[in-house]
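J.: One letter stands for each residue in the lines below.
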Amino acid sequence: MIYDFFHNLTGSYFIADIIQAILPLFFFILPFALFAVWWERKVSAHMQDRLGPMRVGYHGALQTIADILKLFQKEDIVAKDIDKPLFNLAPVLVFIGSYGVFAAIPFTSAYIGANIDLGVFYIVAVSGLAVAGILMAGWASNNKYSLLGAMRSAAQMVSYEIPTILVIVSIVMITGTLNLNTLSEMQTGHFWNWMILGGPGFGIAKFLFIPFMILGFLIIYISTLAEVNRVPFDIPEAESELVAGYHTEYSGMKFAMFFLAEYANMFAVSAIVAALFFGGYQSPIGYLGNLLNAHWLIPIEQLFWFTAKGLFFVFVQMWLRWTLPRLRVDQLMETCWKYLIPIAFVDLIIVGLITVL
Amino acid sequence: MSVEIENNKETQNGIKTEQMVLNLGPQHPSTHGVLRLELELEGEIITKVTPHIGYLHRCFEKHAEAMTYPQVVPYTDRMDYLSAMYNEFGYALAVEKLLGIELPERVEYIRVIMGEFQRIASHLVAIGTYGLDIGAFTPFLYCFRDRERILSLFEKTCGARLLYNYIWVGGLSHDLHPDFVREAKEFVKYFKPNIKELNDLLTMNKIFIERTANVGVLPVETAINYGISGPNLRASGLKWDIRKNDPYSVYHKFDFDIPVGKNDIGTVGDSWNRYYIRVLEMEQSLRIIEQALEQIPEGDVTSAIPKRIKPPVGQVYSRVENPKGELGYFIISNGSTSPFRVKVKGPSFVHLGVLNELCKGRMVADVIAILGSIDIVLGEVDR
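Heads up: the sequence lines are chains Z and P, in that order. Be aware that the first sequence starts at 1, since it is given in this note's numbering, and climbs by one per residue. Be aware that the second sequence starts at 1001, since it is given in this note's numbering, and climbs by one per residue.
Hint data in this document are derived by calculation from the structure and do not stem from the laboratory. It is possible that some hints are incorrect.
Said to hold, decoys possible - For lysine-lysine, the following BS3-like pairs were computed, each having C-alpha atoms within a straight-line distance of at most 30 Å:
#1 1192/P <-> 1156/P
#2 42/Z <-> 1196/P
#3 84/Z <-> 70/Z
#4 1239/P <-> 1196/P
#5 1062/P <-> 1097/P
#6 144/Z <-> 1048/P
#7 1206/P <-> 42/Z
#8 42/Z <-> 1192/P
#9 1062/P <-> 144/Z
#10 1253/P <-> 1097/P
#11 338/Z <-> 1360/P
#12 1244/P <-> 1196/P
#13 1206/P <-> 338/Z
A quick note: this is a predicted structure, and the numbers were derived from the prediction, not measured.
Use the sequences and the hints to build the structure in full.
T.: Below, the structure is given as structure tokens:
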């Protein structure tokens, strides 16, 4: 819908494409990052018996803007013996990795950056770009802490992609589509049509699916935590061991790029989980727009529900971060290869059997 | 996970591997001050740890020779700045032994109460920062919230929050403030449930146990050979506490247990036990404080302070159970008003020596877990 609107307005597919691509950056990622940084500080503060930022704006609401202004003014320190092209390219690549993911995420039924049929596949592929960026950052910094952090990060992200993909495959077997928009549309109606509760339609299969869907959700949630390097899997940047991991040597706006990418990633994985298991942008209780016979209201309501679901999972990520200690790097690999992957395989096979039956 | 490493081995393709030297500190988030560790790594596996110390050296022992006896007290505060009260306690005991003076009962009781509060405060920092080292941020702030109340008690009594100059040779600088006993009892009541909360949040956390249990096991023979004392020695399974084995002050009047390391969650002498001993010791300290608050007699706390401290020629070694371990003062007097020599046997310095033994064959992340569990304070390592 929004795409058609821009096409009619400008009369060119090319310009409409560009506008379509820039929209999530300015209307979603940046405002979200601004909000999430403040929110995380508030969440952590209240969990820890503190107040958090209180001075700039109402309850410190403008604190992030003040911080960003400060980051803009900072000197961009570049160490002497670094690999310059790689050093400069790395934050861009990491940011592209997380920004690209937003293209295939359906925010409402009226807006999706790129409605491609291979949506989920595309997301998995593009988010893999970040691994290259992190490795480049670690190597180019010419710093041992950065290198160790980057090595760990690459191993971790590559490993945890496997259980994620296995769970996605099990969903795809049920729904028969890789397109997140179609997936969200299928889960329309009420919350009992969500994939976590066995998907649309009633029958024995639906009830058989429920335990395996919950299992799948847990697996994908845990492994996405690892993919975005959040506690308890924040080993690449474990500040008590590796100072700041792969971005130790970065400062100023280049550091801000990593920072932005991290927060964008947090929302992206939450959104994917929401779209796969919790109906995406679908309302759990029906639409006010249908009730009032005002159909223009529906996309706005959908945007609200989608953001609410995403933010809820972001909140759970923060909650975990401020509660749990951190695993060691070998224990992290053990968790993935010895527990998550075998369980994900069993889940996949059983879901497959039920689907065939 | 212990791995034997061959140096500079060749792989099948004829590519040579090399050891990497990683410099940890002195500016590093988890070296607890200005410790510098030189790690020799094979991948992420440690082959050797060399601590480099001296970044915080302030010549305490040499300085003390130019001071009169009471003037040394504030300098002892600055050694192990997290347990300043107990450093003063130890020094005062040593000089009193040299002078051979008797103290009023009330002074002894107040010293014990303050010492045990200091032990809780010191252990809270140890536990909190240990959580931080393992990656749990929140318990750290909970610990500091509770420590804050102890520091407030100290502040109300003697005006200082970190370096008190409260326990003087022959007495105390001030008597307790009138509300102290009530507030101390309130704290004991407030703090008991918080220990349980801490155990729920951190001690029994699965990830925390995975990270610390069976990591850096210190057998009791090695511990004795290296001169380890205090909670670290007790975690290795030896029931040795100077408060019981060589009682000083009025400790013989109180009923308390000495917790030792157990085999139930980790092995005896591992990082988890070293951590958990401190939690248990806080409970025992609360017991001592409760009893002392009940029994505390009336009296004058400044009456026994000598006008001029001029001990006879001689030497004395006196030791106390500091929160970190055995803190000994060896003082030689030549009959003048300043000591001829003050030698300190500090627990943190001794404990740092065993680090290489504990870290060999483990990973970089474990070094942090082990260093945090032996709980050193660099102010005392370097003095």
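J.: What are the numbers of the hints that this structure violates, sorted from low to high?
T.: 9
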